Amino acid sequence: MTKVTLQEIKADPYVQALIDAGNRHLAAIGYTEHGLRHAGLVSHIASNILEKMEHSDRECELAAIAGYLHDIGNAVNRVDHAHSGAILAAGILERHKMNSEEIAIIIGAIGNHDEQDGNPVNVISAALILADKSDVHRSRVRNSDLAKFDIHDRVNYAVKRSFLRVYPKERIALELTIDTEICPVMEYFEIFLARMLLSRKAAIFLGTKFELKINEVKLL
1 MTKVTLQEIK ADPYVQALID AGNRHLAAIG YTEHGLRHAG LVSHIASNIL EKMEHSDREC
61 ELAAIAGYLH DIGNAVNRVD HAHSGAILAA GILERHKMNS EEIAIIIGAI GNHDEQDGNP
121 VNVISAALIL ADKSDVHRSR VRNSDLAKFD IHDRVNYAVK RSFLRVYPKE RIALELTIDT
181 EICPVMEYFE IFLARMLLSR KAAIFLGTKF ELKINEVKLL
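Under the UniProt record's numbering, the sequence shown has 192 at position 192, and the numbering climbs by one with no breaks.
You may find that some hints are simply not true.
Said to hold, decoys possible - The calculated DSS-like cross-link candidates involving lysine-lysine, where the alpha carbons are at most 25 Å apart (straight line), are:
hint	residue 1	residue 2
1	K169	K201
2	K97	K3
3	K213	K160
4	K213	K201
5	K218	K160
6	K148	K209
7	K52	K209
8	K169	K213
9	K52	K213
10	K218	K169
11	K97	K52
12	K52	K169
Claimed, not checked - If you anchor each label on the Cβ, the simulated ranges turn out as follows:
hint	residue 1	residue 2	range
13	D80	L197	29 to 39 Å
14	R78	Y14	45 to 55 Å
15	L146	I87	32 to 42 Å
16	N215	N99	39 to 49 Å
Hints in this document: simulated from the structure, not taken from any laboratory. Please read these numbers as outputs of a predicted model, since none were measured by experiment. Glycine residues also receive a C-beta, built at the ideal position from the N, C-alpha and C atoms.
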């Protein structure tokens, strides 16, 4: 068995095909962007969280791989995409000859990243949850007609700045700047409260606290 790297996974044409297909499928049903931009960003943030919290280089690499693969289940269906994605990832990682223990860690993280039924089950999954739920920004909105925005479009488009700041051994803070003329803060909580509660669970799993600041006001 070999130590599979993020670059190997990124270079896999099957992985690229799954991410691209999932993104097209979600576009067809009106969802925000879930393509290579989202995969790459979540991968980077998940790895950065563990690096800042002084986890091993290998754990950071596994978090990066999990982040890159976490949404491949959207190529199958949005419903239960975390679970189908974990199964797809197992086959991909086995083909790349990753050792079984690492595969188990990554598929556990992918299978638990969705707020509907997920929970932090290892440090990789906790980092993935925080990274995934922090990606809210107007760049994810596909629809250019503000008059046709649904609540998800409005909330994402209203976010002018999003940054997940890690204060080692103190807190992990999601800092958002929202244009309240486009979307009141209450609408953010209306659709993202479950995500923020899961993020808090993830931070606690990592031995720290989760903080949400919107327009410089601490809300969680």
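Structure-based check of each hint:
1. K169 x K201: 15 Å, holds
2. K97 x K3: 8 Å, holds
3. K213 x K160: 14 Å, holds
4. K213 x K201: 17 Å, holds
5. K218 x K160: Since the Cα atoms of K218 and K160 sit roughly 17 Å apart, the hinted pair holds (cutoff 25 Å).
6. K148 x K209: Given pair K148, K209 is violated - Cα atoms ~37 Å apart, limit 25 Å.
7. K52 x K209: 14 Å, holds
8. K169 x K213: 18 Å, holds
9. K52 x K213: Distance of about 20 Å is within 25 Å: holds.
10. K218 x K169: 19 Å, holds
11. K97 x K52: 28 Å, violated
12. K52 x K169: Since the Cα atoms of K52 and K169 sit roughly 9 Å apart, the hinted pair holds (cutoff 25 Å).
13. D80 x L197: 29 to 39 Å: 20 Å, violated
14. R78 x Y14: 45 to 55 Å: Given about 20 Å between the Cβ atoms, the range is violated.
15. L146 x I87: 32 to 42 Å: With Cβ atoms ~39 Å apart, the hint holds.
16. N215 x N99: 39 to 49 Å: Since the Cβ atoms of N215 and N99 sit about 46 Å apart, the hinted range of 39 to 49 Å holds.
Of the numbered hints stated above, those contradicted by the structure are hints 6, 11, 13, 14, listed in ascending order.
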